[in-house]
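> Okay, here's what each chain looks like letter by letter:
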Amino acid sequence: MDNLTPESILVHSDDIVSREIEGELIIVPIASGIGDMEDELYTLNETGRSIWERIDGKRSLQNITGDLAEEYSATPDIIMKDVVGLAEELLKRKILVIKG
Amino acid sequence: MNENQTKDQPEEKGTSYVHIGGPISISNKYLIGIIRDVMAHGQMFRFAAPGFSMSPFIRDRDVITLAPYERTTCRIGAVVAFVRPWTGQLVVHRVIAASEDGWRIKGDNNPEEDGLIPHDAIICQVIKVERDGKNIQHGLGPERTIIALLSRWNLLSYLLYPIVKLYSVIRRI
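Here the protein sequences line up with chains A and B, keeping their order. Quick note: the first sequence, position 77, residue 278 per the working numbering, numbers continuous. Quick note: the second sequence, position 88, residue 89 per the working numbering, numbers continuous.
You may find that some hints are simply not true.
Stated by the list, open to error - Simulated coverage check for chain A against chain B, where a stretch passes if three residues somewhere in it have a Cβ under 8 Å from a Cβ of chain B:
{"#": "1", "segment": "225-231"}
{"#": "2", "segment": "234-244"}
{"#": "3", "segment": "258-268"}
Hints in this document: simulated from the structure, not taken from any laboratory. Positions of the beta carbon are idealized from the N, C-alpha and C atoms, including for glycine.
Between the sequences and the hints, there should be enough to build the whole structure, so can you do that?
Structure representation (structure tokens):
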């Protein structure tokens, strides 16, 4: 996405409901006026969850990448790819928004 | 509809991070939490309801849409979702009688009532039923009061079900 950079700070949208259920994160968008478990339900895998939990409106994508790289002893470039990939996916679906 | 749901794998769509939609079943207690969260936002909630206790008007896996519960506009015949006070289970059944302290509620296909359910145990109200992608009109319209009264007097199985069965036979001819 054109306006997403490593310095971007994201927040969870107000138009979702999310719950951790049996180790999985379930996200139900409600922007349409209906929380639709049949057609519009999202679950994040383990990688997605690790990133999601760090998106707090304070940390930039760069900060999140550094944090994860340290925790998983992984190369920041590879982590950044995952972080940006998830961010783009969830921004597209209006589950995340760019702060400011 | 009052059976516990078990967790299934969601349909594999989306990306390597996000699985999207498709029926996912979660246990009753978690479903209650999600529904409460959605209702707290003043929004509706849609999901496939398991169980046979509201048959034939709501059948197993019919998709129901729930709207926030309004005590002042709820009437006899309304189908509501409530948390059974003594088990914590989510149940979707019909209001059959009113009292000051709550509603008497019963599943259309159940021989016994759920009893007197206090108003604060009721989370939301069914406003739409879908089956095989089509809206089902029966059971939520003006006829709901008659259904509630027949259910209260345990006459549904004697009067209505033979008619429903005959109707489905005629339709097949």
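> Just pull the numbers of the violated hints for me, sorted ascending.
3
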